[in-house]
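Enquirer: The listed protein sequences correspond, in order, to chains A and B. Position one of the first sequence corresponds to residue 1 (my numbering), numbered consecutively onward. Position one of the second sequence corresponds to residue 233 (my numbering), numbered consecutively onward.
Worth flagging that the hints you see were computed from the coordinates, not collected in a lab. From a predicted model like this one, the values you see are computed outputs, not experimental measurements. Backbone N, C-alpha and C define an ideal beta-carbon position, used for all residues, glycine too. A few of these clues could be false.
[What the hints assert, rightly or not] Estimated spans, in silico, between C-beta atoms of each pair:
1) A:Arg143 <-> B:Glu362: 27 to 33 Å
2) A:Arg143 <-> B:His258: 23 to 29 Å
3) A:Phe89 <-> B:Lys350: 55 to 61 Å
4) A:His52 <-> B:Asn252: 16 to 22 Å
5) B:Asp237 <-> A:Asn165: 27 to 33 Å
6) A:Ile60 <-> B:Glu444: 47 to 53 Å
7) B:Glu243 <-> A:Phe51: 56 to 62 Å
Here is what each chain is made of, one letter per residue.
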Amino acid sequence: MNFGSNIIMALQRYGHLFLKGTLITLAFSAVAVTGGVIFGGILALMRLSEFHITIKGKKIKPLSIISTAYVEVIRGTPILLQLYVFYFFIPSALSFLNLSKFASISLALIFNSAAYVAEIFRSGIDAVDHGQMEAARCLGLSRNQALMKIVLPQAIKNILPALCNEFVAMIKETSLASTFFAGDIMTTYKTVNGALFLVIEPLIIIAVIYFALTFTLSKVVAVFERRMKTSD
Amino acid sequence: MTNGDILIKVEGLHKKFTINGHEELHVLKGIDQEIRKGEVVTIIGPSGGGKSTFLRCLNLLEEPDEGKIFFEGVDITDKKVNINEHRQKMGMVFQHFNIFSNLKVGENITMAPVLLKKKTKEEAEKLCDELLERVGLLDKKNEYPSRLSGGQRQRLAIVRALAMEPDVMLFDEPTSALDPEMVGEVLQVIKDLVNTGMTCLIVTHEMGFAKEVSHRVLFIDDGIIAEEGTPQQIFNDPKNPRTKEFLSKVLY
């Protein structure tokens with residue numbers, strides 16, 4: 001057994017596959033977080049919405065309830081299960097959409113990420129001192145004006161670092177897409193493993209790649225966070 | 233003393249809070265009051281008695297459960313009334329300042345008048361400079377408020393409210409969160425404001441200050457106005473035993 005030479009051999013023969021896998025992993029994560037930010041933003045707005053109906057003297061906020069329920073269900077079920085649903089159930093139920101493999105997996109990741117992003121938005125906004133909103137309302141600003149001018153600009157400082165962490169987490173979670181041979185870096189491992197009958201060596205290669213991606217990103221986030229603190 | 237028109241009229245004000253979804257706390261138990269233009273009214277009383285809640289009901293920061301509040305003749309508890317318009321004319325100063333930390337000192341003052349189209353950018357800037365000059369903060373105009381002391385923040389909060397040119401100023405324990413050495417500078421700003429004839433409602437624990445500036449003192453305890461009168465009556469000759477007891481415990 002010669003680890004070093006096996007790793008070099010695997011890289012020489014299948015380097016292009018590792019590169020392609022890395023790019024697809026990054027693409028999945030980027031699509032998931034971007035879509036998650038849009039959809040999660042809508043969920044967070046629904047959660048914060050004051051829209052209500054009164055039933056038997058009790059205030060009920062339907063938008064807020066739907067949003068909360070969604071977040072709880074997504075966070076309370078495994079991402080692998082959600083991938084299965086989107087990979088098998090959605091394309092057959094909505095066959096007219098002609099979803100590609102990449103699209104249905106991306107959708108699963110977006111719907112998953114949105115729940116976490118919605119929570120990041122909500123807690124970021126909640127963390128802003130309530131007195132800020134009150135002071136703005138006392139000057140005569142509407143709730144929306146106060147949100148846009150005062151609360152959200154302050155919430156961004158809490159939200160951005162957490163969003164970057166969500167991106168880091170998503171990079172790791174896309175590995176589950178390899179269940180469906182989605183072409184990500186974990187899929188590359190499976191391919192190389194099958195072709196060379198090597199287990200440990202390709203695992204070490206992808207571990208290094210995953211770690212390099214997430215470590216670099218979290219360092220970037222840390223620098224970013226420090227910058228934002230100094231602007232206070 | 234002033235004999236101006238009635239600015240704020242409160243009728244049968246009740247406010248309950250629900251704790252943990254069911255338990256009810258009856259904070260205001262029927263308050264009737266009239267505040268006239270130019271009047272300075274201080275509100276004193278024990279903690280938890282409803283002073284702050286009363287003040288916060290006046291601009292609907294707390295929604296009353298019962299009763300009416302007329303501001304300049306308009307019933308602002310009416311659901312059809314756009315409360316934002318009326319709040320523009322009621323300045324409020326908080327115990328914890330609530331200075332907008334994402335805006336510079338100057339922007340704290342100009343933001344609302346410009347956004348709500350009460351003033352052009354130039355007019356607002358001009359007024360901002362005047363107001364900052366008045367409270368000795370002009371040199372801080374382009375700094376972020378995190379650099380200000382508590383006393384400076386509260387002075388800024390006062391002129392931020394004044395920039396909307398309100399008809400009444402509501403002060404909710406404006407000096408309670410300040411270090412002792414900063415209380416004086418804030419009280420001085422309020423005194424100067426009182427001297428301009430501004431109608432002021434001040435919830436305070438500074439009895440000496442209340443005695444000095446107010447035309448009328450309200451003693452609120454257990455959700456009602458237990459006693460009201462001139463500062464001389466309240467501080468030198470209280471009638472209600474609860475007022476006597478409260479004042480005997482307070483050092484001033």
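Enquirer: Now look at each hint and say whether the structure bears it out.
Expert: We went through each hint and held it up to the structure:
Between Arg143 (chain A) and Glu362 (chain B) the beta carbon distance is about 30 Å. The supplied range of 27 to 33 Å therefore holds. In this structure the hint that Arg143 (chain A) and His258 (chain B) lie 23 to 29 Å apart at CB holds, the actual value being about 28 Å. Between Phe89 (chain A) and Lys350 (chain B) the beta carbon distance is about 56 Å. The supplied range of 55 to 61 Å therefore holds. In this structure the supplied range 16 to 22 Å holds for His52 (chain A) paired with Asn252 (chain B), their Cβ-Cβ distance being about 20 Å.
Asp237 (chain B) and Asn165 (chain A) have their C-beta atoms about 59 Å apart, which leaves the hinted 27 to 33 Å range violated. The hint said 47 to 53 Å for the Cβ distance between Ile60 (chain A) and Glu444 (chain B), and at roughly 51 Å that hint holds. The hinted range of 56 to 62 Å is not satisfied by Glu243 (chain B) and Phe51 (chain A), whose Cβ atoms lie roughly 31 Å apart.
Checked against the numbered hints listed earlier, the structure breaks hints 5 and 7; every other hint is satisfied.
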